[in-house]
Structures are given as structure tokens and as C-alpha cells.
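Given chain A, work out where chain B should sit, using these hints.
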Amino acid sequence: MASRIIGQSRKRLEDPPLLTGQGRFASDISFPDQLAMRVVRSGYAHGRIVSVDTSEACALPGVFAVWTADDVADLPPIDVRLTNIKGLAPYRQYVLARDKVRYVGEPVAVVFASDAYTAEDAADLVVIDIEELPAVLDAAGETGDFAPGLPTEVIVIEKGYGDADAAFKTAQHVVSLTLSVGRHSGVPLETRGAIARYDAKHDMLEMYGAAKVPHWNRDQIAIMLGRERKSINLYEGHTGGGFGVRGELYPEDVIACYAALKLGRPVKWIEDRRENLVACNHSREQTHRIRAAIDAEGHILAVEDEFFHDQGAYVRTHGATVADLAAAMLPGPYRIPAYRAVGHIRLTNKTPGGTYRAPGRYESTFARERLLDAIAAKAGISPVEARRRNLLQKADMPYDLRVDTLGTKVVYDSGDYGGLVRKAIDATGWQTLRDAVATRRKAGETVGVGLAMFVEKSGLGPYDDVRIELSPSGAIEVITGAASIGQGVETVIAQICAETLGAAFDTIRVTHGQTDRIERGLGAFASRVTVMTGEATRRAAEALRARLLAIAAPLMQTDATQLTVSDGWIARTDGSGPSMAIADVARSIDATHGASSEASFESSHMVYPYGVHVALVQVDRETGGVTVERYLVAYDIGRAVNPMLVEGQITGGIAQGIGGALLEEFLYDERGEPLSVTFADYLMPTAHEIPPMDIVISEDAPSPLNPLGLKGSGEAGVNAAGAAIAAAIDDALGMPGLITRLPVTPQRLKAALAAR
Amino acid sequence: MKPAPFVRHTPRTLDEALAILAEVAPQDGRVLAGGQSLVPIMAFRMARPAHLVDINEVAGLDKLIVENGMLIVGARVRHGAFHKPVEPGPLGALLASVVHNIAHYPIRMRGTMCGSLAHADPSSEWCLTAATLDAELVARRKGGERIIPARDFFEGLMSTALKEDELLAEARYMLLPAGTKFGFNEFSRRAGDFAMSAALATYRIVDGRIADARVGVGGAEASPRRIPEAEAALNGQMPGDAAFRAAAEAASAAIDPLEDIQTTGEYRRDLVRAVVRRALEASVK
Chain A
272 MASRIIGQSR
282 KRLEDPPLLT
292 GQGRFASDIS
302 FPDQLAMRVV
312 RSGYAHGRIV
322 SVDTSEACAL
332 PGVFAVWTAD
342 DVADLPPIDV
352 RLTNIKGLAP
362 YRQYVLARDK
372 VRYVGEPVAV
382 VFASDAYTAE
392 DAADLVVIDI
402 EELPAVLDAA
412 GETGDFAPGL
422 PTEVIVIEKG
432 YGDADAAFKT
442 AQHVVSLTLS
452 VGRHSGVPLE
462 TRGAIARYDA
472 KHDMLEMYGA
482 AKVPHWNRDQ
492 IAIMLGRERK
502 SINLYEGHTG
512 GGFGVRGELY
522 PEDVIACYAA
532 LKLGRPVKWI
542 EDRRENLVAC
552 NHSREQTHRI
562 RAAIDAEGHI
572 LAVEDEFFHD
582 QGAYVRTHGA
592 TVADLAAAML
602 PGPYRIPAYR
612 AVGHIRLTNK
622 TPGGTYRAPG
632 RYESTFARER
642 LLDAIAAKAG
652 ISPVEARRRN
662 LLQKADMPYD
672 LRVDTLGTKV
682 VYDSGDYGGL
692 VRKAIDATGW
702 QTLRDAVATR
712 RKAGETVGVG
722 LAMFVEKSGL
732 GPYDDVRIEL
742 SPSGAIEVIT
752 GAASIGQGVE
762 TVIAQICAET
772 LGAAFDTIRV
782 THGQTDRIER
792 GLGAFASRVT
802 VMTGEATRRA
812 AEALRARLLA
822 IAAPLMQTDA
832 TQLTVSDGWI
842 ARTDGSGPSM
852 AIADVARSID
862 ATHGASSEAS
872 FESSHMVYPY
882 GVHVALVQVD
892 RETGGVTVER
902 YLVAYDIGRA
912 VNPMLVEGQI
922 TGGIAQGIGG
932 ALLEEFLYDE
942 RGEPLSVTFA
952 DYLMPTAHEI
962 PPMDIVISED
972 APSPLNPLGL
982 KGSGEAGVNA
992 AGAAIAAAID
1002 DALGMPGLIT
1012 RLPVTPQRLK
1022 AALAAR
Chain B
1305 MKPAPFVRHT
1315 PRTLDEALAI
1325 LAEVAPQDGR
1335 VLAGGQSLVP
1345 IMAFRMARPA
1355 HLVDINEVAG
1365 LDKLIVENGM
1375 LIVGARVRHG
1385 AFHKPVEPGP
1395 LGALLASVVH
1405 NIAHYPIRMR
1415 GTMCGSLAHA
1425 DPSSEWCLTA
1435 ATLDAELVAR
1445 RKGGERIIPA
1455 RDFFEGLMST
1465 ALKEDELLAE
1475 ARYMLLPAGT
1485 KFGFNEFSRR
1495 AGDFAMSAAL
1505 ATYRIVDGRI
1515 ADARVGVGGA
1525 EASPRRIPEA
1535 EAALNGQMPG
1545 DAAFRAAAEA
1555 ASAAIDPLED
1565 IQTTGEYRRD
1575 LVRAVVRRAL
1585 EASVK
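Protein sequence lines, in the order shown, are assigned to chains A and B.
In my numbering, each residue's number is its place in the first sequence (first place is 1) plus 271.
In my numbering, each residue's number is its place in the second sequence (first place is 1) plus 1304.
Next up, chain B with everything else stripped away, as it sits in the complex:
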């Protein structure tokens, strides 16, 4: 469990980082942020990057601010930054409720939100959050920038729309309107493990009925995504057991479940049914 040889680069500015990345990307160069996934994979020699562009010293990437109605999260912002609400509205509270499900405390103090998004583990809580809230992912490369909507960003198991020479510089979330309800739930074998299924739901109450429902499911398919069938089952309904169960059923039926030697598709559907309903129940607690 010693990594294969690699060269570590330590740029101090974003331009410098992007220039190095442009140069080393074709030689299997990778960005190193918190390293909580990449470093173990390297220790197993499952990844053998020849170059690491270590962005931990890059100025400006630690941005965590609200600008123009959006929360901007820079590439160096650690999970632990969200332990307390980063803004006073529902979004800050939502992120604070989700973050505690990510791994364990020491990992949260080192790992980064953008690193999780770029790693694209299907069970990642942040990937689910980004997909559910339609986050915008800002990809920077030498001499260019593009904004990728979350629904186009996740392309499958550990796979994203990022090009090799692109750095995920920021994640941007629209602030949630006052009064937005939210709930998160996940099921894992042990506390802190990768979720076998997770759900995040948000909605508003308009005239006593659910509006603007968002229901995201993670860990159940190759990538987390919003489930329109579940959202349709909620919109216009009174919040409560009947609507929540209907949404959970709809989500369970809608997914294309991941299967493995221990986990059948049927079981994954059972879990999705449970976590969606529980996420919705959490929204009214």
C-alpha cells in the first residue's frame, strides 16, 4: 500500500495551477485537494497518476460566500466548513444537516465538497445534494471557464463531464426561498459508511400544499439524480403520510437500481422506498 511514483506540484495561484494541469493532464495528471478518496486509491495502486497538482496552497479557492443569490463554494472548502450553517437561510441549514452523514469527523476536516463532486461516487452525499438542488459546477481550464449544470455533470460511476485539464473550481447553489422545507435520509451498514441509498427532498408549502418539490436519490443508480415521478407525486398534495408514501413508491419504481453480489435490484428498490419516505418525514419534524 505504497503509491506508485508520482510528481507533486504545488502551485500558489489558480493560473499557475491551470497551466500545470494543462501540461501534465495528458501524462495522467490529477488534481489533489483533500485526498480522502484519491490518496487511498493511490495507496492501493488502483490509481497511478504520474503527476498531482496539489491545490491546497492555491489562493482564492477557499471562497465560501453568497453572491447574487448564490452560495459559492471554492475547491478548497472542506466538508467541515458546513458543520454550522454557512448562510442563515434554509440552504445553510440543509447543508449542515447533510454534512454530518459524510464519513467521520477527521475525514470531514480534510476532504472537500468539490473533491467529492469531481470524484462522483454514486453514494456521495454532496453529489446527491448538487443533483437535487441543480447546482452549477464551474470548470476552469487554462484560458477558459464553463459552467456545467449538475444534471449534465454526473455521467456515471465515478465519471463526470470534467475534461482531464479542467479543475472543478467552484460549486454554486441557488439560495433556497425562505420557508423551504427539506429532509435528508440515508441507509448504510455502519455510521459513516457509503450510503446504500440516500434521499434528499425539498419543497415549499403554498396554500397548504406542496409546491416546487425536488426529490433526489443517491447511491441507488450510477449517478444521483432528481426523480420527476416522485416530485409529481408530491406537487399539489398536502404534506403528510399519504403523499410521502406515494412519492416513495414512485421513486422506488422509477430507479434503475445498481446491483452487486450482495445487493439485488429488489433490495435497492426497498431501500429507496424507505429513504425517500424518511427524508420527507424528516422535512416535517
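The shape of chain A in the complex, shown without the other chains:
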């Protein structure tokens, strides 16, 4: 039997260079004769471009070129990915603003100079004359016009099933809430970067600094520049965090590639932090008007939700994804007999939006779980009891939700939601926790506990390919179309390959994010890599193992069924006789190239892990400050390939969830001027704000959709954080329903208390 590697907390293969200062991030890459690129951005939220005067900038010594929209007039807008929703095209963004600017930070001109300092000096000299227009800043308010005949309401997403109207007519109670989630986003430690160069001899355009979806971006750049896709390669290096925002195709990437081609010199663009906070995708900002029809015991009869999604100034690569997922995933783990969601995707004069870790779910979980808390209050039962009464049961699985998203039907593949609630409650020592809270309250403290549940989605298809090459020396390379944004792809894929093939874990090299190494690939998003790339790896490894055994059998004078492989050695299952290294078998197949295998995994359904969050908070009634004292996440992942990495994913997610619940927010003034443009204004949680965490990894519900039972964990830690913390604050203050808006800033909490 092959030794067990899947399920073990193996140390990460990717760590040695990172821990010894040998990381290679975008800004570590340079080429001789490169030009530094600096983007000149709009200082107005909305306005007509009267003129752009580049003469002074061009005259500055060291400046090579200054481009405006006229110089990139051939380039189409950046396209939308992964959607079959129509009507988005007119709202896409050109790489440099034409005629109008629609948010502060929109690229208007671009400078190419000898170095970054000169480029920034020259950027200061570009004079942009803009005739200011009124800005639209509230997606739930009055709409405006994006362009003549194009309203700022891009599209309305509708999903649902059952007869909600009838349920609301006959319900014992109706519970209604208006809830909102603030504008915040993934803010990776490493800002974006694009380093492009053109090799005329091979007619090859290369871009470094790629992440997340290199193949799709390669194909899109090819289309936009009118080149053959084979004449462009994208290379992913180390990536200092992705979270959904990094690695999407942005104007700056395309400009850098186009400039390398047109100017004949390598072009390097490194985003600075101030740019990052106004130029990289924002996310999350939604307002929900949600209501539930319930019976006297608190059973849900129907849920209706109308929400407004603030997409910012343009539709970017994610199209309608965030709002679509919010509408599709809102029902969560509960039995909701009738459901209707109406999501308005609206443009405003703010930085355009995209996905951020648990897109649409952080928002809709907040709405749904606040609703469950309100149902509990209305029915006079505890929040935990309200959930128990409405949870889907194990026997309901697989459960067809009767809605679709991302081109797939939402069918919960497996789950024991009630079982996980019990695990979470056991792990928190629920009664002891409640007793401790009661004791502290008697002593005058304001402390409370909140619980929230969610169903995640993971493993988005439609395919992934893997090629495994076993060299004559015994080294193994797994070549994937996945991408690594720091989540541990190499380790997880190597674990699956090592166990399936029977190879030693440390002989495996995993290649990802290089478009010249594999024909196609979907990259890293939607908690998909472990499921999709993992299963493709398992298949390729299984095929290679079978081939090696078939070749080895006659050499070892036995039948292949009598052989096994472990740690790179083939031996008889009964332990008798000699053993043979897989490297020797590879050599016998082809002394120069060894052996290889290829496999694909195609899937038209996602898998659905699920979780429970529990937060313990203390509220400072005088200042409105909230301290998260302890945090628990229980999460059923089906099967954890590497529990340490799952914990890591959840830990980081909790931190980001706390950020969105209490700290992080992109604020704008009444003219659309962004106010959160530095880390002194956009408040990321630090180690001081992050409490001790308990993480319970459960494997009760393996997915039936892949043989290993895999589900993903990328978004588990963040999903319900806003909901759990809001519930905990309500509980601390003894005021159910107090928190209706995230983030809960001290100012807002004091105002909410004063209003009661």
C-alpha cells in the first residue's frame, strides 16, 4: 500500500525561498533598458475630458513617451470573463479614458521614462483639463446615465423558485430588514505589477507579474493586441496575496504589453499603494432589503431579497459575478420553500468592483444570518434554535436549490449542517462560554456571543488539465494550468501526486502559472484548485502508476496486480523478492525522456462545503469600540489534503472578515473624492486586532463528485465573519437587530446606541 500523504500536514514545498529572502515578486524582475511606466489618473469622480496636455511632460529629460487615449485608440475595452449574462458589453472599461472620466483614479495618460522617479515627475506635469459632472455615489439611490441611452443600472439579476407571494400573504409573521455592507476589498501586501518585453527575433511578447488567471489573460491580451495567442506568454512569479483582486486583467497590464511592443523596450510598471487603493478592484458594497415570511414557531415559509450592488464606474472582468453569486447563495443551509432575489447591478462614480474572497457570500450571509437572528427574536427562540428549526437535513442531500450561478446548477452535493452546529457548539464549550458571559455581564462588562452559518461553493469547472513527467533520474514534474497566489498549490498537488503515484513527496516539482508550459488552464479562484487540479492530478498519477506497473511486471517476473509503489519504489505486495525504482522503469521506457501521462478533469457542478462561525466580542459602550476576544470556525471540507494549510486559509480569512466587519472601508466624500487612500485611512486589521482562534476541520461530508471527496477552503474563514460579529455585538448589548450596517465603526455604534 502506498504511504499516506493525503491528509497530512506536510510542510509547504514553496516556503524555502520565501523564508530565506529569495522570493521573486513582480518588482524583483527587471530587464536591461527597461522603461518605467507611470499612470496619470483622473482627479475627478465624473467629468468630461476637455484636453490632455502632455507637452511639458514630454519635454522632461529622461521621458521616452507619453500616451493618451489617442495612442491606444486601436485597443478594445477589456472583456468580461466567465459569464453568459448579456448586456454588460457597453459598460466595459477602455485602458485609457476616452471623452469622459468616471472615477478618481481612472487612467487618463501614461508616461514612459528612464526610471520610476522621472516617470512620476513627468506624470505631475501632464495637465488634464476636466469639466466636472455630478457624481452618482449611491447605488441604492437615484440612477444616472453612464452614457447617452445607457442608464447606470446595468442589469437586474433575478433568481427564485416557489410561490413567495402566497407565502407572504398567509404567513403568521413577516420580518423585514434593511442591511448594508461597506465597500472594501482584498488588499494584498504586494501591489500589482506588470513587466513586459518583446523579443523581435522570436516575435514573442512576454509579461511577468501575472497571477490568478494567466491563460485567460494571455488569450485576452492576444485578442486586444490582434496577435496570435501563441505569440504571447505570461509568467507568474511569487505572488504576495490574491484574494480575487490580484491577477485579473487590468488596463495597466494591457498598456504595459502594448508599450513593450510599440516602443521596442521592456516596460516595467509597479503599482504604488495609493494607486492600489483607488485602481485595483473594490468589492462588497451592497444594500439588501430582505424579508422573511415565517410561521408562529419560526419556520421559514419564504424569503425575498431586493439588493443593490455598487459595481463602481465600469463592468470589469468579473462581469455580474458578485451579484449573481449573492443571489444564488443567499438561501444558505436552510430550507426555504419559496425564494425570490432581485439584484440591481448599478454603476457609481467609484473605483470599479470585482470579486473579493467569498464574493457575494460575505454580503448575502450577512443579510441571511441577520434575518435568522431577527426571526429568532420574532419567534421568541434562541438564535441557535431558529437555525436548528430551519436547517436542511442530511437526508435532503443532494439538495437541488433550483437556482443557478456561474453557468452551473446549485445542487448541494453533501452535508450534515446540524452535525456541524453540534461540533461548533461542543468545541466552544457553549454552556461554559454562555455562563462566563453571564458572569462578566453581572460584573458590568458588555460581552456577547454571535453565531452564523453558511454554505460555501468550491471547485468551479469546467476543466483542468495536468501532465506528469517522470524523468529518468526519478524527478517528477507536475505541470498544471493552476496558479499560485500563495495558498499552497505546490504542496497540495504534490501530496495528491505522491500518494496516488507512490512517489516520494520531496521528489515532486509542481509547475503552475506559465502559459508556455501547458496549453490551457483556468488558474486559481473560486476555491477551485484543490478540487479541479487535484482531481486531474490524481487521474494523471493513477494512469502513470498503472503504466509503470505494467512495464515493471515482466521485468519483475510477476503480474502487475501483484505490485505496489511506495516512496518511488515498486515492490511485490507480499513483500517478497526484489524492488525496483520507478526511475529505472522510466529509463526502460525512454532513457532520455522517461515516462509521462496526461489527464483532465471536467466538472459541470460545483461542490458545497459549509461552516459555522462563532464570535465572542466585548463592546466599549462609552467609545463604541468593539474588541473581538475569541473566534471559532468549524468547517466541513469533505476531505482535507493538508489540514495545516486549511487552517492557514481559514486563519487569514478570519482576519479579513474581521477587517470588513469592523475596520476596512473605502469612503468617499460628496464629490466622489476617495478618502481611504493610505493605510492610515483604510484600516487593515493588525495582529493586535486579531483574537485567538479555534479552527475545527470536519470531514463528515466528502463530495460525491470526485473520488477523493475534495472540497475547497479558500473562502471559509471570511464568509460569515460580518454576520457572526454583528450578532455578537447585538448579544453583548442585549439589543437584537441593532447592527444593520458593516463595518461597525465606533462612531456608527455610538450613533446607533444613541438612536435607541
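Check each hint, because a few of them may be wrong.
The following residues of chain B were derived to be distant from chain A, with all beta-carbon distances above 12 Å [what the hints assert, rightly or not]:
1. Pro1307
2. Val1328
3. Ser1587
Some chain A residues close to chain B (C-beta under 7 Å, calculated; not the full set) [to be verified]:
4. Ser385
5. Ala387
6. Asp543
7. Lys1021
8. Leu1024
In silico DSS-like links for lysine-lysine, alpha-carbon gap of 30 Å or less [unchecked claim]:
9. A:Lys472 with A:Lys501
10. B:Lys1589 with A:Lys713
11. A:Lys665 with A:Lys649
12. B:Lys1306 with A:Lys533
13. A:Lys371 with A:Lys357
14. B:Lys1367 with B:Lys1306
15. B:Lys1306 with A:Lys371
It is worth saying that the hints were derived from the structure and are not from the lab.
Quick reminder that beta carbons are idealized off the backbone N, C-alpha and C, glycines included.
Only chain B this time, still in chain A's reference frame:
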């Protein structure tokens, strides 16, 4: 976030530094000490000094001694120097209790007390300390020196009485009498952030009652200052909850609160009430 072009001067003596400052001050010359505020502002190009007079090599400015009943803090003394008491009396202990609220450890190892005072951020802990303790600020210029009392030094948001060609060479604090009680408290969104309000209080106990009370409030107005109404509410009272609450109320009512898009004047008054009372409570812990 690359600064605009500038010339950096590196004098080795104070006279040399003052001579250069006199020359470059009219051409937007600025003094560079720890750079923990100035350098980021330059990176944002919100400040574009044409010249920086870097005093990090200037001899004598690292003075940190007690002379004639006063603690002298030279312009090169970093925040981190106060992590442990710099003198055995209450002043050393007070400075050590305040310093830990300043930003984060790496910043404290580089930034300077005099740099903070000259920068005059309304929420600066050192500005609050200087105002509360009536520090003397020693301004040197080529061929001259003047001593500015803290109450005249802070002139508003990021604004001081220093002239362009003046270097804040020293801050001087009277030693506090033995037995002086003190307490500090601040409220910020995150550990190490600029305080949204902060308070520092000192007093002595004479015959069981509060005497010589000083109550300073920072972060709530354009400049930190002593609040006489709060001090009056303390002097002559027994230290304890009633007096502390009365002082907190008085401070809250007395301030002219800073407001911004997120923070109403009412909220700032709430914070001042909380931080003053908590500072006073800390004084008896």
C-alpha cells in the same frame, strides 16, 4: 510614491546645520530627523521640500540628561529612548507609560520626540505631553535661540510657532515632584493608530486631596492643551470616581471638537469624556 527631487544636506555640527537651514529655508528647506512623518508625506508628494537638512549626524543633539531640575531632550532622541524611565522620578515613569502608545516599535526606534513636536499632529502623544506638562521648546536659528512655552508653541493643525529657519533643538520638561500621580489614556481604531482622543493627567495629593492638577486633552481639537475647567473640577477634591467623572464632564463640555466626515463633534465629546476619566482612573491603579 516616489518623492519629488530634493537636495539632502548632512551637517556634522549644530552651527553648520543652522547655517544651511538659514540658507535653504527660503527655498522650502526642511529639517529631517527620524522622518517617520515627513518621508511618507514626501512619498505622497504632499510635501515637496527642495532641501532636507538631515540632522542625524549632528553632534550634541542626542542629549538626554537632567540639568537644573529639568529633563533635556535633544532633537535626535528617538521615541524608543523612553521605553525605560530616563530618570528615576515620576516624569521618567510618565514618559515610559506614554511612549508605548506611539505607533509601533520600528517607528519608535526611528522617530524622534522633537520631530513629533515640530510636526504638531493634533493626536500626537508627545504634543499632548508637552502641552500638559508645560514643556519649554528650545528653537535655535543661525545666531539666535529662543525658548517657546508649549502653550504658545502649538498653533493649530500641523502648525507651530517655529519659523522656517528655526530648528527645534531641545524639549525641556520640569521634573515632577516625588509622589506626583499620573495617568494616560487614548482611544484609537487600532493599536498604534493616531488617537481619536487622548488624555494625560497629573496631580499631587496634599492632605488627602488633589492639588496642582493638570489635565491635557489631545486629538480632540486642532492642538492639544490643558483644560482648566477639568483641572478646577479636581483641585481640592478627594481622588475618586466622583471627582474623576466631574473632570471628565468638564473636559467634554470645554472642548471645541474637531469634526470630519466620520466623526461628529458629539462623538468627539463622548471620547473626551471617556479618555479623561480613564486617564484619571489609571492614575490610581
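Status of the hints after comparison with the structure:
no.	hint	verdict
1	Pro1307	violated, 8 Å
2	Val1328	holds, 20 Å
3	Ser1587	holds, 18 Å
4	Ser385	violated, 13 Å
5	Ala387	holds, 5 Å
6	Asp543	holds, 4 Å
7	Lys1021	holds, 6 Å
8	Leu1024	violated, 10 Å
9	A:Lys472 with A:Lys501	holds, 15 Å
10	B:Lys1589 with A:Lys713	holds, 22 Å
11	A:Lys665 with A:Lys649	holds, 27 Å
12	B:Lys1306 with A:Lys533	holds, 26 Å
13	A:Lys371 with A:Lys357	holds, 24 Å
14	B:Lys1367 with B:Lys1306	violated, 33 Å
15	B:Lys1306 with A:Lys371	holds, 28 Å
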